[in-house]
Amino acid sequence: MLRYLIRRLLWACVLFIAVTFVTYAIFFLVPANPARLAAGQSATPERVEEVKHFLGLDRPFYVQYAKFLKRLVIEGSLGQSFVTRRSVNEEILRAAPITASLVFGAMIMVLSIAIPLGIFSALRPRSLLDRTAMIYVLIGISLPSFWIGLVLSYVVGYKLGWTPIAGYCEVFSVPEAAACGGLWDWAYHMILPCLTLAIVVAGTYVRFVRAEVMDTLSMDFVRTARAKGAPEHRVIRKHVLRNAMLPVVTMVGMDIGLLLGGAIFIEAVFGLPGLGGTALESIGRFDLPVLQGVVIFGAIAIIIFSLVVDILYAWIDPRIRLT
Amino acid sequence: MSEPLLDVRDLRTEFKTDDGIVKAVDGVSFKVEPGQVLGIVGESGSGKSVTCLTVMGLNDSKFATSTGEVLFRGEDLLKASSSRLRTIRGDEIAMIFQDPMTSLNPVHKIGRQLAEAVVLHNDVSNKQAYARALELLKAVGIPRAERRIDDYPHQFSGGMRQRVMIAMALINNPDLIIADEPTTALDVTTQAQILALLKRIQDDFGSAVIMITHDLGVVAETADDVIVMYAARIVERGPVRSIFNEPRHPYTWGLMGSLPRLDTDLERLYQIPGQPPSLLNPPSGCRFHPRCAFAMPICRQQDPRLMAVGSDTLHEQACHLDEATKAREAAKLVAMFTAGASSS
Amino acid sequence: MSTAANGNELLVVEDLKKHFPITRGIVFQKEIATVKAVDGVSFSLREGETLGIVGESGCGKSTLVRCILKLLEPSGGRILFQGRDITGLSRRDMRPLRRNMMMVFQDPYASLNARKRVGFIIGEALELHGIGTPAERKRRVQELLEVVGLNPEHYNRFPHEFSGGQRQRIGVARALAVNPKLIFCDEPVSALDVSVQAQILNLLKDLQKEFGLTYVFIAHDLNVVRHISDRVMVMYLGKSVELADRGELYAHPKHPYTGALLSAVPVPNPDVGRARKLVVLEGDVPNPINPPSACNFHPRCPRFQQGRCDVDTPPLAPIADDHLVACHYPLERWPMSIAEQPAAVQPVESAG
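Sequences listed follow chains H, G and P, in order.
1 is the number of the first residue of the first sequence in the numbering used here; add one for each residue after it.
1 is the number of the first residue of the second sequence in the numbering used here; add one for each residue after it.
1 is the number of the first residue of the third sequence in the numbering used here; add one for each residue after it.
Here are the simulated DSS-like cross-link-like pairs (lysine-lysine), alpha carbons at most 27 angstroms apart as the crow flies:
id: 1; chain 1: P; residue 1: LYS205; chain 2: G; residue 2: LYS332
id: 2; chain 1: G; residue 1: LYS62; chain 2: H; residue 2: LYS238
id: 3; chain 1: G; residue 1: LYS109; chain 2: H; residue 2: LYS238
id: 4; chain 1: P; residue 1: LYS138; chain 2: P; residue 2: LYS209
id: 5; chain 1: G; residue 1: LYS199; chain 2: G; residue 2: LYS138
id: 6; chain 1: G; residue 1: LYS127; chain 2: H; residue 2: LYS238
What follows is a list of derived Cβ distance ranges for each label pair:
id: 7; chain 1: G; residue 1: ASP312; chain 2: P; residue 2: ALA294; range: 53 to 63 angstroms
id: 8; chain 1: P; residue 1: ASP321; chain 2: G; residue 2: PRO282; range: 51 to 61 angstroms
id: 9; chain 1: P; residue 1: PRO299; chain 2: G; residue 2: PHE205; range: 28 to 38 angstroms
id: 10; chain 1: G; residue 1: ALA293; chain 2: P; residue 2: ARG157; range: 23 to 33 angstroms
id: 11; chain 1: P; residue 1: ARG91; chain 2: H; residue 2: LEU128; range: 50 to 60 angstroms
id: 12; chain 1: P; residue 1: GLU282; chain 2: H; residue 2: ARG242; range: 30 to 40 angstroms
id: 13; chain 1: P; residue 1: HIS160; chain 2: H; residue 2: ILE113; range: 32 to 42 angstroms
id: 14; chain 1: G; residue 1: ASN281; chain 2: P; residue 2: ARG157; range: 16 to 26 angstroms
id: 15; chain 1: G; residue 1: VAL124; chain 2: H; residue 2: LEU128; range: 38 to 48 angstroms
id: 16; chain 1: H; residue 1: ARG3; chain 2: G; residue 2: THR17; range: 45 to 55 angstroms
A short, non-exhaustive set of chain P residues, derived as facing chain G with CB atoms under 8 angstroms:
id: 17; residue: ALA198
id: 18; residue: HIS227
id: 19; residue: VAL267
Because the hints were derived from the structure by calculation, they are not lab data.
Fair warning: this is a prediction, and the values are worked out from it, not measured in the lab.
Built from N, CA and C at the ideal position, the CB exists for glycine as well.
Please work from the sequences and hints to get the whole structure.
Have a look at this one:
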């Protein structure tokens with residue numbers, strides 16, 4: 001097990017370098033002039049040159065990359081924003097919890113709806129419930145997330161007034177000038193964004209769970225359990241579920257990792273200043289360090305979560321021994 | 001005369017499929033006495049497995065309908081409630097399946113799976129259930145049972161897994177064990193071990209056994225009585241020696257003739273032409289007639305009924321051929337085998 | 001007969017080995033153990049003969065065949081095909097030879113590409129070796145369909161439209177397409193019903209007579225092997241333990257394992273079957289990663305003698321004309337006498 005972990009961590013490092021390198025390289029291929037944007041619209045060419053030198057943008061590519069890596073590994077710092085000159089670490093740490101609460105909140109909603117729905121559909125195939133569920137799935141997968149977000153925001157937030165239209169509230173350390181704050185406000189504002197994300201993601205899960213449960217139901221050991229005289233609810237609970245949920249665990253882990261990288265559309269629609277929103281901003285301003293920071297954070301999240309998922313899977317399924 | 005343990009009367013099971021209705025079992029009747037071993041022989045599609053799954057009530061009720069009577073100690077299982085069936089299953093009638101690799105739950109320890117069988121039918125504590133599980137594991141010959149009881153199925157070999165399945169079937173002392181091709185997936189030496197084990201268990205516990213198989217050798221060695229099934233029907237039945245020494249149905253002849261044997265030298269095997277019929281649209285009349293070398297016009301029109309062979313009421317077959325031809329063909333077949341036979 | 005070539009053998013295999021390494025390590029994989037799947041097998045085969053290879057799961061028979069066909073690279077030993085040493089040949093050099101060595105597989109449902117039409121499946125080898133024009137190839141495929149007993153007009157059908165037995169016939173036609181000299185049959189009838197099994201076995205025998213084919217036939221069913229083979233080799237845990245003419249092997253087996261195999265086969269005769277004495281082997285086949293020392297059958301052998309069988313590996317050596325066995329204490333008579341069988345024997349039922 002330990003060997004496996006060490007090997008995975010080594011690979012994670014390789015992956016990490018690859019990801020950062022590619023992001024850096026792409027940025028260089030884009031015809032843009034961040035120095036000009038940082039200096040401002042009315043800057044003179046000399047001023048732009050100064051800014052360029054100050055930001056270190058006039059050095060060759062590999063030098064910049066090497067400096068970046070050194071700073072990251074030794075100081076643990078992602079640098080400073082070209083635009084605001086604030087530490088990127090700070091920006092990320094401020095934005096990450098917002099995205100995290102969106103993602104985890106949505107996942108909880110998804111799992112509590114999709115799993116039971118998937119199971120019931122599998123147990124009663126072609127029934128009214130099953131067909132309705134499948135239609136819903138089709139809709140959920142097909143509609144773009146921002147469309148769902150906008151519609152919900154309009155109907156539920158604006159027309160019905162049940163929830164806020166958009167915006168975010170801090171839970172802890174509420175700033176003086178904020179319009180809202182505290183746990184209740186925070187939850188209240190997060191309902192619609194989480195729901196939107198949940199609707200988008202749930203579709204896949206319902207289908208997946210349904211397929212897995214149907215598959216497991218046809219396996220020989222389920223027949224053995226029935227032959228022993230086990231009542232159906234026990235067969236489902238003790239024999240079918242644990243086997244059927246194995247792949248779901250993998251999917252959940254991967255999805256969380258992916259989504260933490262930034263659910264850009266939803267954050268944009270609901271004005272949440274999370275990682276997605278931050279990334280969007282930094283793209284527009286060619287703020288490389290911040291963009292790098294978001295990408296790196298996302299990569300780390302995916303790497304960590306896929307590792308967690310692998311370990312969890314091995315723990316749940318005794319057939320897999322990670323040696 | 002004592003009541004038979006199991007009395008199946010005119011059992012018919014149909015499945016609704018996308019292509020139509022499949023009559024998987026079409027008028028099957030037989031009896032099993034306490035302590036008897038009944039062998040059901042047939043190839044794929046003969047209905048032998050479905051018959052026994054119907055007896056156990058393990059068919060998916062959404063797609064399967066059964067008519068007829070399945071009398072277990074006088075009680076009709078087809079009419080029993082599902083909770084009554086659940087009480088019987090695993091306790092009074094137990095089943096062993098073909099593939100030991102997939103018949104055990106991969107994520108539960110085998111001790112737990114065995115104990116589950118106990119707990120479902122008896123009001124005992126978990127500890128007692130585990131003790132009973134250990135007892136059975138030893139009885140079926142699992143070495144180092146105290147350690148192995150905490151292992152998972154994938155840590156056992158195929159033969160050991162089948163022993164675990166047998167242990168699970170026996171754990172509540174059932175009166176009837178249904179073994180569906182229990183050794184087909186195993187190596188020949190493992191098969192010998194398992195068959196010897198089943199024989200020993202049958203002697204020790206006195207349970208009746210229904211042995212489903214396509215292997216005539218297994219049937220010859222283990223069964224007291226034999227039923228030969230073809231295309232959802234019984235074509236011949238009787239005591240094992242009658243069937244092997246005086247087979248009376250062309251399909252039985254075909255089966256026996258097409259076996260390569262250790263004890264004789266045959267240049268060419270007798271082959272039954274064609275393949276088993278589809279049960280969606282079975283042939284008219286006698287279902288075997290398209291492949292039968294002795295088919296007559298009547299065979300296409302009229303379905304032969306099971307009739308006694310001569311005066312022996314225990315031996316029955318369903319064929320329109322006259323007695324003389326049947327006797328002659330049977331003698332030919334048996335002679336072919338005993339001629340080159342060496343007793344080994 | 002010795003296993004050394006004497007000139008007119010089609011295939012000679014000398015001390016063939018296939019070892020699979022088991023590695024451990026974080027970055028650099030270090031070999032800590034080997035699975036000796038095939039551990040020194042030798043035999044020779046003349047044209048027109050059928051060699052049956054029999055053994056239970058894990059004995060290495062499938063791996064052996066794949067090594068001979070060079071689908072796996074052998075770890076040691078030599079393979080001579082038509083007198084030529086093909087052991088070290090590269091994949092490119094092997095290609096023209098492959099049309100002489102074809103294979104029929106076990107699972108008729110998995111061995112045919114479900115998305116290709118039958119005509120393509122059978123004719124693919126012809127195309128790969130550049131034989132004939134497309135029109136000629138089509139004619140040849142239809143010819144083959146007829147030879148194996150299928151309707152040539154079904155050229156354009158898909159595998160799922162055929163039954164198991166018919167699919168196996170397609171597999172045979174595929175193997176025959178390029179007129180190979182040698183055909184390996186890897187358990188070709190195990191997955192089939194008994195009545196269909198007979199059809200395929202008869203077909204294989206007929207084709208052998210008609211086209212002068214040479215077969216290597218692998219099976220675990222001793223009845224089937226006896227029916228179709230001229231000579232039989234018994235394998236256990238990667239080694240060959242006995243090699244003899246068919247009649248000789250089945251009438252006078254010398255290796256205790258062969259004896260156990262033979263006595264374990266159920267006989268479809270109630271009087272004979274129940275009365276015979278059964279040698280029931282205890283335990284399972286051992287783990288090939290850690291095989292027993294010297295003779296790897298010794299832990300289960302009823303003739304085991306301590307100090308010899310677990311110390312000296314018995315070589316495969318002639319015990320009679322054309323009969324080789326790898327045993328220090330081969331069976332003296334068959335059926336085994338009571339004196340030769342210690343506790344491992346259980347009679348099935350006393351005679352009568």
